[in-house]
Amino acid sequence: MSGCGDAIARDLAQQVARRSYGKLVAFLAVRTGDVSAAEDALSEAFAAALADWPRNGCPENPEAWLMTVARRKFLDSVRSHAREFPADEVAETTAAIEAGFDAEAIPDRRLGLMFACAHPAIDAAVRAPLMLQAILGLDAARIASAFLVSPATMSQRLVRAKNKIRQAGIPLAIPERSELPPRLDTILSAIYAAFAEGWIDAAGTDVARRDLAEEAIYLGRLVTELLPNEPEGLGLLALMLHAEARRRARRTTDGEYVPLARQDPSSWDADMIAEAESLLHRAGTMNGLGRYQLEAAIQSAHAVRARTGKSDWSAIVQLYDALLALSGSPVAAVNRALAVAELYGPHQALEELNRIAGDPRLVEYQPYWAARADLLARTHAREEALHAYSIAIGLERDPSVRRFLEQRRKLVDE
Amino acid sequence: MQYLLTLYAEEAGFQRMTREQQQQGMAAYMAYTEALKQAGAYVGSNRLQPIATATTVRTADGKTQVLDGPYADSKEQLGGYFLIDVPDLDAALSWAARCPGSQHGIIEVRPIWKM
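If you read the sequences in order, they're chains A and B.
Residue 118 in numbering that gives the first Met the number 0 is what sits at position 119 of the first sequence, and the numbering runs on without skipping anything.
Residue 39 in numbering that gives the first Met the number 0 is what sits at position 40 of the second sequence, and the numbering runs on without skipping anything.
Where hints are given, some of them may not hold.
Said to hold, decoys possible - Partial list, derived from the structure: chain B residues whose beta carbon lies under 7 angstroms from chain A: (1) Y31; (2) A34; (3) A38; (4) Q48.
What the hints contain is simulated information worked out from the structure, not anything from laboratory work.
Ideal Cβ placement from N, Cα and C applies to all residues, glycine included.
Chain A with its partners taken away, still in its complex shape (with noise of 0.2 angstroms):
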């Protein structure tokens, strides 16, 4: 048999290694618990893929070539301890992962991967992380960057949250229905992270950044396909398309930001809009309204911008108070005091941000320093204005929203 080329195998092991990675991992690790080995295993089969499809030519079901080969290294290395552990335990081990192997139809097991990786048992910061790495394949240091955090940091989280889970005997199972909820909102709320951080880099100049979102995206539709019945996974989803669909809304041909009120909406994704309206639509079917219902209609009550040219003030209002009542969150508090400005001017807003002003949560949240500094200037207040804007813009890390508040500042100072 012929070869395929370097660049050919190099490009269809990666997109093996999108379409399959928390495929064939979670399959490995799910009788063990052990998704380090997994992954170890995973990668050689990965090395011995590039070495062998150049010269043998791409095989035909990429996938079961790499399951093949990954499990056969697995095996390998749980011999290769067998020392370390008990004889029976190396037994069971290696039966499990002979039993019943089928690498044509491998059962996609990426769900109860899922909960492990979002389990209440693992450290809530580290969720989001482990979940990039175990079911998507993204590395380390890639990870540790986006979310601001030493490469070296980030190895020994997740190197700890993974041994965690084999030791603790954390399941890589889907929980009884009665659990469902709760469990299913850990792993929403470590999608919503990656999504959020990925959002940060609104320019997408930052390519690790922009790819994270895209990443949640493609998280949240696996929930979504894999659960298709839970109606907060859908909300979710259509949360991340609405806000998606503003990307390229949200900065002009030269960088410099456009906040939502002054965004063109003919430049929102309209195609986008539609697939989270119909998301929503469907959620709203079933029975249980949640916070990402309620933020994914927020984002659509601001969506009709698009059809009437007004954004849903009103509706916008109500939507923050029942997300108020649910979740106490006082990002939500601070979103709905700028939504009340629109509707009853500024000094009634400011009223409700001096309500919630000595939550230590806000200290160092920009937004709510942006959002004070502009009501304030509203209220020609001044100085306090001033104070504010300096706050919200040393907080800020994007250099074109600083460049915006700096030149609303400029416009209060004059």
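Put chain B on the given structure of chain A with help from the hints.
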């Protein structure tokens, strides 16, 4: 825990800016300092004079040698620092990312050696 954020940048970059750009740059640092203070993380900070003003001193075999110029001749020069007090490295990194210096140079984040 205290961390020192040392700011490295190409010194000539600042001199090449227009006066207005320089003022904007200074305003960004002032806003950053204010945000650090508001969050209770600020301990101290200083900006250094250009490297042309630097002098190095070293004593070897009882002889003291004094040389003109900075210690390391690199593309980026040490231009200033922020000393901050935050709970952990993650918090220090998030402040480093917000520092205007991270856009036009490099910020080294190191924990202070507690005596």
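Going through the hints against the structure:
no.	hint	verdict
1	Y31	holds (4 angstroms)
2	A34	holds (3 angstroms)
3	A38	holds (5 angstroms)
4	Q48	violated (24 angstroms)
The structure fails to meet hint 4 from the earlier list, while all remaining hints are met.
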